[in-house]
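K.L.:
What follows is each chain in one-letter form.
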Amino acid sequence: MADVEFQVSFTTGVREGGFQHFEPGSAVIGSVQLDPKENVKSRAIRARLSWHTEGRGDTDSKTIEERVLAQGGLMTGLPQRFTFDFRLPGEPWSYAGHYLNIIWSLVITLDVPLARDTVHRERIIVAPRR
Amino acid sequence: MRRQLGCGRMAGCGFALFWTAFVLIFIVVFLGDYFPVLFEDGQFRPGGFLAAVPMFPFLFLLLFLLIGLAIGAWSLWQLSVALVVAPAELTLSGTCFAVGEAIQVSYRQQFRRDAQVERIELLLTKKETVRYQRGTETETDIHEEVIERHMISGPQSFRSGKRAEGAATLRLPRDGMHTFKASNNKLQWFLKLEMDLQKWADYREERELEVRPVLAGGREDGRR
Chain A
1 MADVEFQVSF TTGVREGGFQ HFEPGSAVIG SVQLDPKENV KSRAIRARLS WHTEGRGDTD
61 SKTIEERVLA QGGLMTGLPQ RFTFDFRLPG EPWSYAGHYL NIIWSLVITL DVPLARDTVH
121 RERIIVAPRR
Chain B
1001 MRRQLGCGRM AGCGFALFWT AFVLIFIVVF LGDYFPVLFE DGQFRPGGFL AAVPMFPFLF
1061 LLLFLLIGLA IGAWSLWQLS VALVVAPAEL TLSGTCFAVG EAIQVSYRQQ FRRDAQVERI
1121 ELLLTKKETV RYQRGTETET DIHEEVIERH MISGPQSFRS GKRAEGAATL RLPRDGMHTF
1181 KASNNKLQWF LKLEMDLQKW ADYREERELE VRPVLAGGRE DGRR
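Top to bottom, those sequences are chains A and B. For the first sequence, position 12 matches number 12 in my numbering, and the numbering has no gaps at all. Numbers given in my numbering equal positions in the second sequence, counted from 1, plus 1000.
All the pointers check out, no bait thrown in.
Partial chain A-side listing against chain B, Cβ under 8 Å, derived: (1) Pro24; (2) Thr53; (3) Gly55; (4) Gly57; (5) Asp58; (6) Asp60; (7) Glu91; (8) Trp93; (9) Gly97; (10) His98; (11) Tyr99; (12) Leu100; (13) Ile102; (14) Arg130.
In silico contact screen, one side only, chain A against chain B (beta carbon under 10 Å); selected entries: (15) Arg56; (16) Thr59; (17) Ser61; (18) Lys62; (19) Pro89; (20) Gly90; (21) Pro92; (22) Tyr95; (23) Ala127; (24) Pro128; (25) Arg129.
Please keep in mind that the hints were generated in silico from the structure rather than gathered at the bench. Where a beta carbon is used, it is the ideal one built from N, C-alpha and C, also for glycine.
From just these sequences and the hints, can you work out the full model?
P.N.:
And the structure:
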């Protein structure tokens, strides 16, 4: 896996308890800064908004939207910033239960040819304010 | 969706019937060779018959027969509650609900025989159902939580022809979750009616509630 530091920041939502909170149906807008510690050859840098389940049951998941942020590699010492803009659906909401958890994530992927992709997951909370 | 829990009991009866019939066929085939001994010389000779039959296989088959009869008897007992009470009439204030919404429930149920009721209760429950592979087997685990309960009736006698009735308001928790269904994981809400009877099997009924991903008093997309 490539040695890259990821820093995600959001311009929408509210930061609470270490996670960015979003209302269902709202926009997830922000940017990700990639700071490579080595030269990285990548086919593409992708951002994906998705949810998945965790807990005792087998995993269910769904990708809401995926976008290519950039194509091409990264060079050491040259951080790059890319913006993203997604729209959340109305459901499902984030949930922490007894056997079942529903987790939303913004996933940034470096598509590295002939090697394992470098993946960064930024967990978010999707729930109405109450 | 309404589900009277007698469906499982009828399935139990059907299974017991099939099981018992299947075992009886085996017993008849097994004992067939020994029937001439039972009626030797035109006389009924049970002693000779029992002496001739290999006991261990016979008792083994008898055990299976007893299991089938026990399942059938239990299923019939569970279904017998239909002799005592008619199906419950549950009327809800809607078909779909928002998170945090109050559910108005009215209840009526006719008694077909005199009966002593221990309790009649309405429950609002949340159920998580998860499915997973364990080796080649698929396992299912369920966690059900009672969110709210309302007692319609404590211990009371009902005469044949009389009705039990009542009303309740049960509220979905505002910090709760909407209905969620995926291939391996589900979260569902149910309204349950529980009636405990003396000398008869208990009456149970459940109805699934559709809870939308919207807060009570909010917009469909969850925004205020």
